[in-house]
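Novice: The chain contents come next:
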Amino acid sequence: MAESASIVNLRRYRLIRNAVFVWLTLVVLGAFLLRIPRIHILEHTARNLYFHVPMWFTLMAAALVSAYHSLRYLQSGDPIRDLRAREAARVGIVFGLLGLATGIVWARFTWYLGTSLWWNFDPKQSFVVIQLLIYGAYFVLRSAVEDPEKRGRVAAVYNLFAFVTMPFLLYVLPRQMESLHPGAEGNPAFSDITHPIMRLVFYPAVLGFIGLFWVLYTQRVRLALLERRLEMRKATMLEAKS
Amino acid sequence: MKLQALTDTTGIATPYDTLWATAAVPTKPPQGIERVMLAEDKLYVVLAVVLIIWFGLILFIFRTDRKLNRLERTLQERLPEANTELSS
Numbered sequence: 001m002a003e004s005a006s007i008v009n010l011r012r013y014r015l016i017r018n019a020v021f022v023w024l025t026l027v028v029l030g031a032f033l034l035r036i037p038r039i040h041i042l043e044h045t046a047r048n049l050y051f052h053v054p055m056w057f058t059l060m061a062a063a064l065v066s067a068y069h070s071l072r073y074l075q076s077g078d079p080i081r082d083l084r085a086r087e088a089a090r091v092g093i094v095f096g097l098l099g100l101a102t103g104i105v106w107a108r109f110t111w112y113l114g115t116s117l118w119w120n121f122d123p124k125q126s127f128v129v130i131q132l133l134i135y136g137a138y139f140v141l142r143s144a145v146e147d148p149e150k151r152g153r154v155a156a157v158y159n160l161f162a163f164v165t166m167p168f169l170l171y172v173l174p175r176q177m178e179s180l181h182p183g184a185e186g187n188p189a190f191s192d193i194t195h196p197i198m199r200l201v202f203y204p205a206v207l208g209f210i211g212l213f214w215v216l217y218t219q220r221v222r223l224a225l226l227e228r229r230l231e232m233r234k235a236t237m238l239e240a241k242s
Numbered sequence: 001m002k003l004q005a006l007t008d009t010t011g012i013a014t015p016y017d018t019l020w021a022t023a024a025v026p027t028k029p030p031q032g033i034e035r036v037m038l039a040e041d042k043l044y045v046v047l048a049v050v051l052i053i054w055f056g057l058i059l060f061i062f063r064t065d066r067k068l069n070r071l072e073r074t075l076q077e078r079l080p081e082a083n084t085e086l087s088s
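Read top to bottom, the protein sequences are chains A and B. For the first sequence, our numbering assigns the number 1 to the initial residue and increments by one for each residue that follows. For the second sequence, our numbering assigns the number 1 to the initial residue and increments by one for each residue that follows.
Just so you know, the hints here were simulated from the structure itself, not pulled from any lab data. Watch out, some of these pointers could steer you wrong.
Quick list of in silico lysine to aspartate or glutamate cross-link-like pairs, EDC-like style, CA-CA up to 16 Å [unchecked claim]: (1) A:K234 <-> B:E77; (2) B:K67 <-> A:D78; (3) A:K234 <-> B:D41; (4) A:K150 <-> A:D78; (5) B:K67 <-> A:E227.
Between beta-carbon pairs, the in silico distance windows are [said to hold, decoys possible]: (6) A:L64 <-> B:L57: 14 to 22 Å; (7) B:R66 <-> A:F21: 31 to 39 Å; (8) A:L26 <-> B:Q76: 38 to 46 Å; (9) B:Q76 <-> A:L200: 48 to 56 Å; (10) A:D78 <-> B:F62: 25 to 33 Å; (11) B:E34 <-> A:F21: 32 to 40 Å.
If we take Cβ atoms under 10 Å as the criterion, some of the chain B residues that face chain A in the derived model are [as the list claims (entries may be wrong)]: (12) E34; (13) L38; (14) K42; (15) V45; (16) L68; (17) L71; (18) T74; (19) R78.
Cβ coordinates follow ideal geometry from the N, Cα and C atoms, glycine included.
Bound-form chain B, shown alone (with noise of 0.2 Å):
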């Protein structure tokens, strides 16, 4: 945990701090949600992040893949004989 470090604003400055060194500086120790993320120097933030991507592009796949299959039933339906084509 990197408690110290939050409070540490005499630190090495960041490129964002312009706004938030003057920012109230959280004193208690983080709960909750932030306990989890902060763990590990917040890793726990990209493997989030990580997720969140990977999560959204297979949503998005299996969306084209339903998209798909509702077009080969259509085919199967309305073109019995595009079957012979389509499997060949």
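This is chain A alone, in the form it adopts within the complex (with noise of 0.2 Å):
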């Protein structure tokens, strides 16, 4: 336990965890109560700016976590960085997963109807599953080096030049192109018909998914602590054994 908890603080966890929580409960009542000007085309689904538009938040967040562990990685060698970049490349894969899954059910819904598509090759969507993959060939990679130091090393780069590729993939690329995004042909990223009162529930909404990213990743560090502390007890066993 003693490592475990000397480097995850599980106070200061415990009380993220519960303020997130809670937070969240609030985000979720005012997305759904409070009302919000009525846009044609989008109706209600307007709302998913509070659900969906984080998701990518969320992602972008995890991967500047795992790509700053990478480095620190590098810098120090120490096997805890490398073990923090991967569960923080793990966590965000999900929120980019459910990102463009709420996508996908949005554009089906509103820019989509009447034509029975799920997929249109919106530049924005179809970068992203560019980026996902990216990033799955992390893990892919990962498992393809047996010995632990060089495999940290060479993931700990890729980490890098994937975490490079993300504003490529997910700004620049998707803002030349006609897209359904807002950004796209010039347009403002937050257009001035979003009403102060979707800011109001909109920004706690990311800070919120960020706080359960943290939280997750967390969860999942304290496990691959554990897990690498029962590898070191077993070689040391071996060791005494023989």
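Put the two chains together into one complex, using the hints given.
Specialist: This is the structure in structure tokens:
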């Protein structure tokens, strides 16, 4: 227990976990109960702004955390950094997949209405699939290298590459093309018609989901630390036997 | 049902309609899944989105849980003397 307790501050973890659950409950209540202006085509689905968009902010936050720990791993060679980078990327992918799935459903019943289309190669959607595949390859790469030290280094370098592609795939390229997403064709990313009341829920939602990421990520880190400890115990026991 | 609003292209402009203002607007009443999802001014689309996130997170938590179970089992089998430490 000693190692994982000193690496993960459990008191802080519990405090943030409870705060995140209360916070997100309020966000969901606000998301459904507050009145929003009626917008053509969107109708109530404008409320998806509170759920779909924070998924992407969370993916980016997770990628940032993951890249930070990869960088620190390259500097220090501390295996805990490698473990943290891996778990942040793992939870980030979950949020990315959720963002993708929610986007598909949203578009199907608004802009693709009457076309029976679930997927129409919207540039942002297509690029995000590529981005998630790049992060998926991170785990394939990890499983391909046996030696932990070598695996850590190779994975960290690849992870930094994956992080660097993100702004291009998620911001620069989609904005050069016609897209359903705001920001395309020179539109402002957060348009004037976004009512102040929506910002009141949207920003807390982003914060709440990033907090939720942190909770899930910390759980995985604790789990991975235990796993590591067990491995080390096994190794020392084998040594003692021989 | 807001079919009227759908066919009304003179309505308030949306930030996203540069592409879709010229697209074919459905004129026949929605069928099947669309009929369900368009009810209550498309509120059920939001419900679907929230449920996707909810189930996705639950799935992830269950996977973490399964990993935890496996770890506990390994600990019990391989390092029985660690049990006392774990339960205390």
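Novice: Now, for every hint given, state plainly whether the structure supports it.
Specialist: Now for the hints, and whether the structure bears them out:
The suggested pairing of A:K234 with B:E77 holds, with an alpha-carbon distance near 12 Å, which does not exceed 16 Å. A distance of roughly 24 Å separates the Cα atoms of B:K67 and A:D78; the hinted pair therefore is violated under the 16 Å criterion. The suggested pairing of A:K234 with B:D41 is violated, with an alpha-carbon distance near 60 Å, which exceeds 16 Å. Simply put, A:K150 and A:D78 have alpha-carbon atoms about 12 Å apart, close enough for the 16 Å limit, and the pair holds.
Under the criterion of a C-alpha separation no larger than 16 Å, the hint pairing B:K67 with A:E227 is consistent with the structure, at around 10 Å. Separated by about 20 Å at the C-beta atoms, A:L64 and B:L57 satisfy the suggested range of 14 to 22 Å. Remark: the range hint 31 to 39 Å for B:R66 to A:F21 is contradicted by a beta-carbon distance near 22 Å. Between A:L26 and B:Q76, the C-beta spacing of about 41 Å keeps the proposed range 38 to 46 Å intact.
Checked against the hint of 48 to 56 Å, the C-beta distance between B:Q76 and A:L200 comes to roughly 50 Å, which is consistent with it. At roughly 30 Å, the beta carbons of A:D78 and B:F62 sit within the given window of 25 to 33 Å. For the hinted restraint 32 to 40 Å between B:E34 and A:F21, the CB-CB distance of approximately 35 Å keeps it satisfied. The restraint placing B:E34 at the interface with chain A holds, with a minimum CB-CB distance near 7 Å, inside the 10 Å limit.
Given hint, B:L38 at the interface with chain A, holds; its Cβ is 7 Å from that chain's nearest Cβ, closer than 10 Å. For the restraint placing B:K42 at the interface with chain A, the shortest Cβ-Cβ distance is roughly 4 Å, inside the 10 Å limit, so the hint holds. Checking B:V45 against chain A by beta carbon gives a least distance of about 5 Å; that is within 10 Å, so the hint holds. Interface hint status for B:L68: upheld, as the beta-carbon distance to the closest one in chain A is roughly 6 Å, under 10 Å.
With a cut of 10 Å, the hint placing B:L71 at the interface with chain A holds, because the nearest CB-to-CB distance is about 6 Å. Restraint check, B:T74 versus chain A: the minimum CB separation of about 7 Å is within 10 Å; hint holds. Taking 10 Å as the C-beta contact cut-off toward chain A, the hint placing B:R78 at the interface holds, the least distance being around 7 Å.
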